[in-house]
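Chains as they are written, first to last, in my numbering: chain V, 2 to 239; chain C, 112 to 348.
FYI, nobody ran anything at the bench for these hints, they're computed from the structure. Computed from a predicted structure; not experimentally measured. Don't be surprised by glycine CBs; every beta carbon is placed ideally from N, CA and C. You may find that some hints are simply not true.
[Claimed, not checked] Derived coverage of chain V by chain C (criterion: at least 3 residues anywhere in the stretch with Cβ under 8 Å from a Cβ of chain C; other residues may be distant):
no., segment
1, 30-36
2, 52-60
3, 118-130
4, 135-144
5, 178-191
[Claimed, not checked] On the chain C side, residues computed to face chain V include the following (Cβ under 10 Å):
no., residue
6, R168
7, T169
8, N300
[What the hints assert, rightly or not] Dumping the calculated BS3-like pairs for lysine-lysine here, alpha-carbon to alpha-carbon at most 27 Å:
no., chain 1, residue 1, chain 2, residue 2
9, C, K273, V, K119
10, V, K21, C, K258
11, C, K262, V, K21
12, V, K228, C, K273
13, C, K266, V, K180
14, V, K120, C, K262
15, V, K222, C, K266
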Amino acid sequence: MNEKAGVKSERNEMEFFHKKAHFWGRFTLWAVIITTMLPPMYLSFILGYHPGWDVILTAFIGVTAFIGIMWVLEPISYFPSLGISGTYMSFLVGNISNMCLPCSAAAQNAIDADPGTKKAELAATLGIAAASLVHIIVLVPVVLGGSYIVSILPPSIQTAFQFVLPAIFGGVTAQFAMKRPIYGVIGIAFGVFITLLAIPSFIKVVLCVVGTITMAYLLEKYKNVKKAEEGKIFLDKY
Amino acid sequence: MIHIDKILPIANSLAMWGFSVLVISVVVFQAFIFIHLVCKQAPSSGMSRTEINRALRTGVISALGPSLGIIIVAVSLITVIGAPLTLMRIGIIGSAAYELTAAGIGAKAYGVELGKDGFNLQAFTTAVWTMCIGGLGWLLSAALFTKSLGKIQGKIQAQNSKIMALISTAAMMGAFGYFTAGQIVAGFNETVVVLISGITMMALMIAAEKWKLAWLKEWALGITLVVGMSIGYLTTI
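Let the hints inform the model, and build the full structure from the sequences given.
And the structure:
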């Protein structure tokens, strides 16, 4: 009886957090949606360089064909890993796969939070928020003095940075897989299999995520069945 | 090069900087608001001040690698669309590959190639429209769908919270498994870096557990990045 009440109040607490997350998440997203359209409108109508709506329509069709499906697939694929606040932040600041997801995972691991718990969601939010700020703070001087910075960067550093992606993915996958090694193996195996398949690339992430979830679910079911069987054998003995 | 003389003064104008700063301010504001929300929620969810700081520090350290890695790519984007727009686009989408492709599609729609002959201010405007509309896709999607996704998650959690934890873990592993596989398939050097990074990370985490070094857990990804990237550089010698 007490447990039920405890669980219920747990959900209510996070409900408040989630409500606020939805509100501010959507508020900030819509703010950027509006402000991001200001430069093109300024160029077109205030400065008068409008190329014509037909041209823009052509361009729109082109870019939709190129990337449109990701607009729908990515939120669905990443939401289970990011959570509510994580999704709002990651889709605002971008760099989801190479920055937001790794920082979210690393933050959760740093405080030993189990995935799916409230602490995990809070840690993930903090990790991504911190990443967002760092990203902007690094970006501003780069944009202001970029060419100078590049000119003084030794080529060895430039080469090293080409390996950011394998380093970060190897690291985060290992960090996460340590908790559930079998999931790690499934994830990578699936990943390699799907990467090598000759299917359109935009489906691949979704397939891999769905595939891993399905296998994990089946694995859990199999384990439960085995446990029940063993329990039954134990009971039968006595 | 003709286009640089005509386009960059406009691209780098004060108005563009104004818009850019406006957009970036929202991003910064959002980060602060969410940090504030977490700090308010933390006590009732059993999260201590120490843990909050730890999560934040880990986020900062882990973000340095990817953020710094963008430098070279951002600089190349600046030469095409100017500094303020680069700040805005990298700040909210972060993929120079997407931006350049989208800008190219815009230029093509106008009938010219990006940065080549005939790339005038109208073509530039088209490129900007294309980049921004394309970027809108993700923003709108997240703005419209997240609430429903949250509801679905809530329902699953209410039914069986273990399933939700399983889905979260498996989803993360699926996503990272795919990204990692992409790197492995990309080449031998990349595979070496993936392996070394994985081993480094595991060693660091085991050490952190064994000797109770909480700070090591924050720095683990950062250290792994440095080690991994250095090994990567060594493989190219």
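Just pull the numbers of the violated hints for me, sorted ascending.
Failing hints: none at all.
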